[in-house]
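K.L.:
Residue numbers (this note's numbering), protein chains in the order written: chain A, 1 to 364; chain B, 1 to 278; chain C, 1 to 286.
Keep in mind the hints are simulated off the structure, nothing from the lab. Treat the hints with care, as some may be off.
[As the list claims (entries may be wrong)] Computed, partial: chain B to chain A, Cβ under 10 Å:
{"no.": "1", "residue": "H7"}
{"no.": "2", "residue": "S8"}
{"no.": "3", "residue": "V9"}
[Said to hold, decoys possible] If you want the footprint, here are the derived chain A segments under chain C, 3+ residues with CB under 8 Å:
{"no.": "4", "stretch": "97-105"}
{"no.": "5", "stretch": "122-132"}
[Stated by the list, open to error] Label-pair restraints from in silico Cβ distances:
{"no.": "6", "chain 1": "A", "residue 1": "V115", "chain 2": "C", "residue 2": "R189", "range": "44 to 50 Å"}
{"no.": "7", "chain 1": "C", "residue 1": "G170", "chain 2": "A", "residue 2": "S336", "range": "56 to 62 Å"}
{"no.": "8", "chain 1": "B", "residue 1": "A33", "chain 2": "C", "residue 2": "G223", "range": "47 to 53 Å"}
{"no.": "9", "chain 1": "C", "residue 1": "K96", "chain 2": "A", "residue 2": "D65", "range": "53 to 59 Å"}
{"no.": "10", "chain 1": "B", "residue 1": "D165", "chain 2": "C", "residue 2": "S48", "range": "32 to 38 Å"}
The structure displayed is predicted, hence computed values, not measured ones. Think of the CB as a built atom: it goes at the ideal place given N, C-alpha and C, for glycine as much as any other residue.
These are the residues of each chain, in order.
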Amino acid sequence: MAIDARHVSKSFAHYDALKDVSLRVEQGELVALLGPSGSGKTTLLRIIAGLDAPDDNPETAVFVDGEDISRKPVSERRVGFVFQHYALFRHMTVFENIAFGLRVRPRKLRPADSVIRSRVNELLELIQLGRWAAHYPSQLSGGQRQRVALARALAIEPSILLLDEPFGALDARVRQDLRRWLRNLHAKIHITSVLVTHDQEEALEVADRIVIMNQGRIEQIGTPDDVFHHPASEFVVTFLGNVNLFHGRVESGRTVIGEVAVGQRHESSVSDGKSARVFVRPHELEIERQQLNGTSVPSRVVRIQSAGPVVRVELTSDRGEAITVELTHDRYRDLSLRTGEEVFVKVRDARVFVADEIVGDYTI
Amino acid sequence: MQKLRQHSVIPGFGLTLGYTVSYLSLIVLIPLAALVARGTSLPWADFNAAVFDPRTLAAWRLTFGTAFIAAVIDAVFGVVVAWTLVRYDFPGRRIIDALIDVPFALPTAVSGIALTAIYAQNGWVGRWLEPLGIKAVFSPLGIVIALMFIGLPFIVRTLQPSIEDLDPAAEEAAALLGASRLTTLRKVVLPTLQPALVAGFVTAFARCLGEYGSVIFISGNMPMKTEIASLLIVTKLEQYDYAGASAIALLMLVSSFFLLFTVNFAQWWSTRRQRERV
Amino acid sequence: MAASREYRHTEPRWLRATLTLIAVGFVGLLIVLPVIAVFTEALRKGLSFYVQSITDPLALSALRLTLLTALATLAANLVFAVAASWLIAKFSFPGKSLLLTLIDLPFAVSPVIAGLIFILLFGARGWFGAPLARQGIQIVFATPGIILATIFVTFPFIARELIPLMQQQGTEEEEAAILLGAGAWQTFRRVTLPNIRWALVYGIVLANARAMGEFGAVSVVSGHIRGRTNTLPLHVEILYNEYNFAAAFAVASLLALLAVVTLVAKAALEWRIRVEQRPAEAAQEA
Numbered sequence: 001m002a003i004d005a006r007h008v009s010k011s012f013a014h015y016d017a018l019k020d021v022s023l024r025v026e027q028g029e030l031v032a033l034l035g036p037s038g039s040g041k042t043t044l045l046r047i048i049a050g051l052d053a054p055d056d057n058p059e060t061a062v063f064v065d066g067e068d069i070s071r072k073p074v075s076e077r078r079v080g081f082v083f084q085h086y087a088l089f090r091h092m093t094v095f096e097n098i099a100f101g102l103r104v105r106p107r108k109l110r111p112a113d114s115v116i117r118s119r120v121n122e123l124l125e126l127i128q129l130g131r132w133a134a135h136y137p138s139q140l141s142g143g144q145r146q147r148v149a150l151a152r153a154l155a156i157e158p159s160i161l162l163l164d165e166p167f168g169a170l171d172a173r174v175r176q177d178l179r180r181w182l183r184n185l186h187a188k189i190h191i192t193s194v195l196v197t198h199d200q201e202e203a204l205e206v207a208d209r210i211v212i213m214n215q216g217r218i219e220q221i222g223t224p225d226d227v228f229h230h231p232a233s234e235f236v237v238t239f240l241g242n243v244n245l246f247h248g249r250v251e252s253g254r255t256v257i258g259e260v261a262v263g264q265r266h267e268s269s270v271s272d273g274k275s276a277r278v279f280v281r282p283h284e285l286e287i288e289r290q291q292l293n294g295t296s297v298p299s300r301v302v303r304i305q306s307a308g309p310v311v312r313v314e315l316t317s318d319r320g321e322a323i324t325v326e327l328t329h330d331r332y333r334d335l336s337l338r339t340g341e342e343v344f345v346k347v348r349d350a351r352v353f354v355a356d357e358i359v360g361d362y363t364i
Numbered sequence: 001m002q003k004l005r006q007h008s009v010i011p012g013f014g015l016t017l018g019y020t021v022s023y024l025s026l027i028v029l030i031p032l033a034a035l036v037a038r039g040t041s042l043p044w045a046d047f048n049a050a051v052f053d054p055r056t057l058a059a060w061r062l063t064f065g066t067a068f069i070a071a072v073i074d075a076v077f078g079v080v081v082a083w084t085l086v087r088y089d090f091p092g093r094r095i096i097d098a099l100i101d102v103p104f105a106l107p108t109a110v111s112g113i114a115l116t117a118i119y120a121q122n123g124w125v126g127r128w129l130e131p132l133g134i135k136a137v138f139s140p141l142g143i144v145i146a147l148m149f150i151g152l153p154f155i156v157r158t159l160q161p162s163i164e165d166l167d168p169a170a171e172e173a174a175a176l177l178g179a180s181r182l183t184t185l186r187k188v189v190l191p192t193l194q195p196a197l198v199a200g201f202v203t204a205f206a207r208c209l210g211e212y213g214s215v216i217f218i219s220g221n222m223p224m225k226t227e228i229a230s231l232l233i234v235t236k237l238e239q240y241d242y243a244g245a246s247a248i249a250l251l252m253l254v255s256s257f258f259l260l261f262t263v264n265f266a267q268w269w270s271t272r273r274q275r276e277r278v
Numbered sequence: 001m002a003a004s005r006e007y008r009h010t011e012p013r014w015l016r017a018t019l020t021l022i023a024v025g026f027v028g029l030l031i032v033l034p035v036i037a038v039f040t041e042a043l044r045k046g047l048s049f050y051v052q053s054i055t056d057p058l059a060l061s062a063l064r065l066t067l068l069t070a071l072a073t074l075a076a077n078l079v080f081a082v083a084a085s086w087l088i089a090k091f092s093f094p095g096k097s098l099l100l101t102l103i104d105l106p107f108a109v110s111p112v113i114a115g116l117i118f119i120l121l122f123g124a125r126g127w128f129g130a131p132l133a134r135q136g137i138q139i140v141f142a143t144p145g146i147i148l149a150t151i152f153v154t155f156p157f158i159a160r161e162l163i164p165l166m167q168q169q170g171t172e173e174e175e176a177a178i179l180l181g182a183g184a185w186q187t188f189r190r191v192t193l194p195n196i197r198w199a200l201v202y203g204i205v206l207a208n209a210r211a212m213g214e215f216g217a218v219s220v221v222s223g224h225i226r227g228r229t230n231t232l233p234l235h236v237e238i239l240y241n242e243y244n245f246a247a248a249f250a251v252a253s254l255l256a257l258l259a260v261v262t263l264v265a266k267a268a269l270e271w272r273i274r275v276e277q278r279p280a281e282a283a284q285e286a
């Protein structure tokens with residue numbers, strides 16, 4: 001079922017957590033809210049769940065499947081919610097934790113005991129923890145606990161599933177396994193889901209669409225590809241992955257770094273002389289032995305780190321800017337680079353911002 | 001309601017707030033207000049006469065004096081007891097540790113008559129003191145002993161967590177830097193324990209000021225000599241001198257509030273200072 | 001306690017021995033000896049006198065009143081403690097720290113004053129005394145006064161155990177329960193209560209010891225009417241003041257026994273609470 005949150009604001013005593021945010025999540029989608037801490041992503045999630053109330057405003061509404069649920073008591077919303085720190089009932093077994101939502105239903109709506117049992121067993125199967133049914137949460141690892149928390153949320157057959165930094169408290173290896181597992185699970189049950197995370201890798205890997213938030217506002221909404229390759233703001237560029245920043249200026253409709261022109265003419269008319277900020281990801285740079293008709297920046301190799309899937313080369317440009325370039329091992333071997341050598345760095349792709357307005361998104 | 005607190009889905013705010021505040025008012029606030037009203041309704045001259053006549057003055061001196069001495073002795077031995085209980089392992093340690101709470105659990109009247117029996121002339125300890133010319137029962141010394149009994153757990157229980165929290169690395173560092181064990185204890189350990197020791201001392205002192213049950217049996221209650229302030233309140237009440245009793249009670253209440261406020265403030269201040277240092 | 005931990009930089013052996021001896025001697029002399037004295041003195045005139053003293057009708061009526069007082073007090077303070085700790089631990093609102101201070105207030109009030117304030121309210125010349133007396137209701141020098149004074153002196157005991165625990169446990173489990181469709185009562189009974197039960201029992205044990213043993217406050221409001229407003233501690237005092245020492249100690253030994261039971265229960269509960277918290281911490285690291 002689709003979620004449609006409209007004009008949501010939330011202010012606390014000392015700051016505004018959300019500033020008039022609207023978000024639509026389509027039926028069956030898995031959307032990630034991505035942003036640094038304090039960006040308002042958890043607040044938005046808690047408001048959709050009904051755990052927090054938005055500021056009073058006649059335009060504010062949260063629709064789930066076309067029905068405004070802001071006035072509905074939380075216990076009747078049927079929202080599946082997974083907490084960062086699991087919030088499992090510590091004195092109940094894994095089985096009872098999962099069964100809780102069914103057991104607390106009013107007598108008339110409560111399924112028979114045998115139905116509850118088979119439903120819980122199904123879910124235990126789904127999270128691959130059948131053998132742990134009689135254990136207590138404290139006897140489980142973090143990853144197992146989070147799977148129990150997920151099963152518990154799914155037991156009530158929620159209309160939507162909300163996950164608040166579900167893997168935030170786990171270590172890297174477990175996190176990666178669970179991510180893949182969650183992706184597969186979502187492919188299987190297709191429940192409309194919203195996942196809050198501050199981990200870009202997680203968002204890029206798991207989500208159908210990513211909502212990038214900053215300081216209580218949405219910076220960009222798009223597929224992982226969109227936001228990564230076509231960022232809408234400087235914040236999005238710098239937040240997603242490492243990026244090199246070159247300071248340039250606009251000259252006769254083109255962006256120039258030092259003596260090097262980047263890309264083609266700007267489509268929009270930008271007046272000359274304005275300073276431009278050029279963002280280039282490390283893998284979008286090329287190292288050349290020769291200067292090719294003024295399109296590359298002279299630089300000196302400072303450090304080479306070749307342990308890893310790619311080779312990271314740190315350089316200093318002739319204008320004193322620090323540059324990071326990522327090369328494949330093949331290319332690195334071909335170049336046979338040494339620390340201290342003078343080389344030329346060529347820009348392949350770049351995003352150019354003038355006054356935080358994107359003016360160019362080039363593949364050169 | 002929305003303005004009074006932050007939104008929460010957890011139910012029961014109004015109910016628990018209403019119940020808590022009403023119950024607190026009925027049991028604690030209104031009765032204490034009655035005391036303040038009654039104590040301050042006296043004209044200043046009468047209040048002065050009730051609180052500072054020679055007999056009451058003697059009671060104040062005795063009450064504060066014995067409570068202070070008892071708390072000091074408890075502080076000295078309390079450090080040793082808490083230190084051994086946390087740092088050393090010896091047979092019976094757990095039992096001794098549990099027994100520290102006896103003064104909390106034993107009704108004061110019972111400890112009062114038991115201490116009297118022990119320190120009486122023919123008692124287990126009293127008979128050894130008698131030849132030395134020391135009279136423990138019906139004397140200020142007896143009051144000090146009873147108050148030491150009452151005060152000890154406050155000091156030990158405040159010190160124990162602080163000793164457990166001591167970072168052994170600090171002591172190891174001191175040793176590696178060439179400090180002798182005694183210097184380490186004096187310069188590294190004791191200063192760290194000082195806030196807890198002061199807090200424990202003041203709590204014990206405040207508690208001893210108001211102690212009644214364990215004292216009245218061993219003190220003998222002779223006016224001007226071994227009559228404590230609490231007993232004076234009871235005496236005045238029995239003579240239906242409610243105003244006089246309230247005046248003394250009010251002064252006592254203010255003293256112990258002041259002491260406990262000081263402790264809380266000192267603790268708040270020292271944790272804040274520590275946080276700032278980090 | 002942490003004594004199992006190794007402290008390698010410690011005092012020389014002779015100093016350790018001396019300090020241990022001082023500590024054990026001090027605790028033994030000051031604290032253990034009186035407990036032993038109670039039981040010794042109680043049995044001084046033989047077992048039959050002991051039994052006779054504690055089965056005396058006046059002793060039994062004192063015991064009944066003590067039990068009644070403790071029961072009423074605990075019930076009243078239990079309800080309050082749960083309400084207050086729910087309020088303080090689960091909500092944030094202005095004035096919370098003031099409320100916490102006020103709850104602790106009775107700790108700073110000496111027992112005699114705790115009795116006195118109820119005389120001032122309900123005595124013949126008190127604020128409410130005369131109007132109530134006209135209705136034929138007597139509070140002080142009667143059972144209600146004894147219960148009120150006892151409620152006052154044990155006021156913070158249970159709440160003090162619950163508040164820090166519930167604050168530490170936070171609100172997420174309750175939020176999870178409500179999101180899963182649980183109502184208010186279900187959330188409290190199925191989620192909150194099991195999480196606090198041992199602390200609750202712990203608080204009750206401590207409050208009970210104080211309620212049954214309270215002397216100063218009760219002494220002031222009781223009026224010492226034998227067979228009617230005498231609790232066990234007051235009965236001990238009367239017997240003692242009549243120089244009936246053996247009987248006084250016999251009755252006192254019942255209270256001493258209560259203290260011993262309290263300490264054993266306290267130690268057992270502390271162990272239980274530690275055990276319940278330990279695996280959670282250990283597994284969190286895994």
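K.L.:
Would you mind marking each hint as holding or not holding in the structure?
P.N.:
Going down the list of hints, with the structure as the test:
no.	hint	verdict
1	H7	4 Å, holds
2	S8	8 Å, holds
3	V9	5 Å, holds
4	97-105	holds (count 4)
5	122-132	violated (count 0)
6	V115(A) - R189(C): 44 to 50 Å	23 Å, violated
7	G170(C) - S336(A): 56 to 62 Å	58 Å, holds
8	A33(B) - G223(C): 47 to 53 Å	24 Å, violated
9	K96(C) - D65(A): 53 to 59 Å	39 Å, violated
10	D165(B) - S48(C): 32 to 38 Å	53 Å, violated
Of the hints listed earlier, those the structure fails to meet are numbers 5, 6, 8, 9, 10, in rising order.
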